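J.: 938 is the number of the first residue of the sequence shown in this note's numbering; add one for each residue after it.
What the hints contain is simulated information worked out from the structure, not anything from laboratory work. Check each hint, because a few of them may be wrong.
The following label-pair restraints were derived from C-beta to C-beta distances [claimed, not checked]:
| hint | residue 1 | residue 2 | range |
| --- | --- | --- | --- |
| 1 | Asn1015 | Arg965 | 39 to 47 Å |
| 2 | Val953 | Ser1060 | 47 to 55 Å |
| 3 | Ile1042 | Phe972 | 36 to 44 Å |
| 4 | Arg1040 | Phe977 | 25 to 33 Å |
| 5 | Glu948 | Ser1060 | 16 to 24 Å |
| 6 | Leu971 | Ser1060 | 16 to 24 Å |
| 7 | Ala1044 | Ala989 | 54 to 62 Å |
| 8 | Asp1006 | Val953 | 36 to 44 Å |
| 9 | Leu1056 | Ser997 | 19 to 27 Å |
Mimicking DMTMM-like on lysine to aspartate or glutamate, the simulated pairs with C-alpha atoms at most 20 Å apart in a straight line are [unchecked claim]:
| hint | residue 1 | residue 2 |
| --- | --- | --- |
| 10 | Lys1032 | Asp1018 |
| 11 | Lys1009 | Glu979 |
| 12 | Lys1063 | Asp1018 |
| 13 | Lys1032 | Glu1003 |
| 14 | Lys1009 | Glu1037 |
Quick caveat: nothing in here was measured; it's all calculated off a predicted structure. Glycine included, each C-beta is placed from N, C-alpha and C at the ideal position.
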Amino acid sequence: NSPKGLEATREKVWQVVRSYFRPEFLNRLDDIVLFRRLGFGELHEIIDLIVAEVNGRLRSQDILLEVTDEAKNFVLENAFDAEMGARPLRRWVEKYITTEVSRMILAQQLPPNSTVRVLVNGSQGKLAFSVKRSFVSE
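Build out the structure end to end from the sequences listed, making use of the hints.
T.: Rendered as structure tokens:
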């Protein structure tokens, strides 16, 4: 992550690019952008953003979604792919959290002013959902 290390990496990438592509194509390139892998804290923040987006959709029904740190770690363990980056996180949250909350709404298990807390059921090794009826909308 040091400037010298980044420059050395950039030069290695350029060497590979030069050996692979023709000069006509290389003349059209302005720059090569290098990305570093996302860290654990950044991935947690991405999950927070996804949950905030879901909460935005639930707000009209006066329902709040809370995801514990343990559940976020569970999501990361099951959804994160180093090659794909954070992209699978959104799909995983939609498939396993948002879908379950939607089912709960349709089954009328989530009345207005409810909070759904997502945690990990340690004995079963899967997500668990608890409902508390005390959320007050602002």
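J.: Are the hints correct? Go through all of them and say.
T.: Hint check:
For asparagine 1015 and arginine 965, the hinted distance range of 39 to 47 Å is satisfied, since their beta carbons lie about 41 Å from each other. For the pair valine 953 and serine 1060, the beta carbons lie near 49 Å from each other, so the given range of 47 to 55 Å is met. Separation of isoleucine 1042 from phenylalanine 972 is about 38 Å and conforms to the stated range, judged on CB atoms against 36 to 44 Å. For the pair arginine 1040 and phenylalanine 977, the beta carbons lie near 30 Å from each other, so the given range of 25 to 33 Å is met.
Distance hint for glutamate 948 and serine 1060: a CB-CB separation of about 52 Å, inconsistent with the stated range 16 to 24 Å. Under the hint 16 to 24 Å, the C-beta atoms of leucine 971 and serine 1060, about 44 Å apart, miss the expected range. As the Cβ distance of alanine 1044 to alanine 989 is approximately 25 Å, the hint placing it in 54 to 62 Å is violated. At about 40 Å, the CB distance of aspartate 1006 to valine 953 agrees with the hint of 36 to 44 Å.
Under the hint 19 to 27 Å, the C-beta atoms of leucine 1056 and serine 997, about 25 Å apart, fit the expected range. Restraint check for lysine 1032 and aspartate 1018: the C-alpha separation of about 16 Å stays at or below 20 Å, so the hint holds. Between lysine 1009 and glutamate 979, the direct Cα distance comes to roughly 12 Å. Compliance with the 20 Å bound is thereby established for this hinted pair. Pair hint lysine 1063 plus aspartate 1018 holds up; C-alpha atoms about 19 Å apart against a cutoff of 20 Å.
With a CA separation close to 16 Å, the supplied pair lysine 1032 and glutamate 1003 stays within the 20 Å bound. For a cut-off of 20 Å, the pair hint linking lysine 1009 to glutamate 1037 stands: about 16 Å separates their Cα positions.
Hints 5, 6 and 7, counting from the list given before, are not met by this structure.
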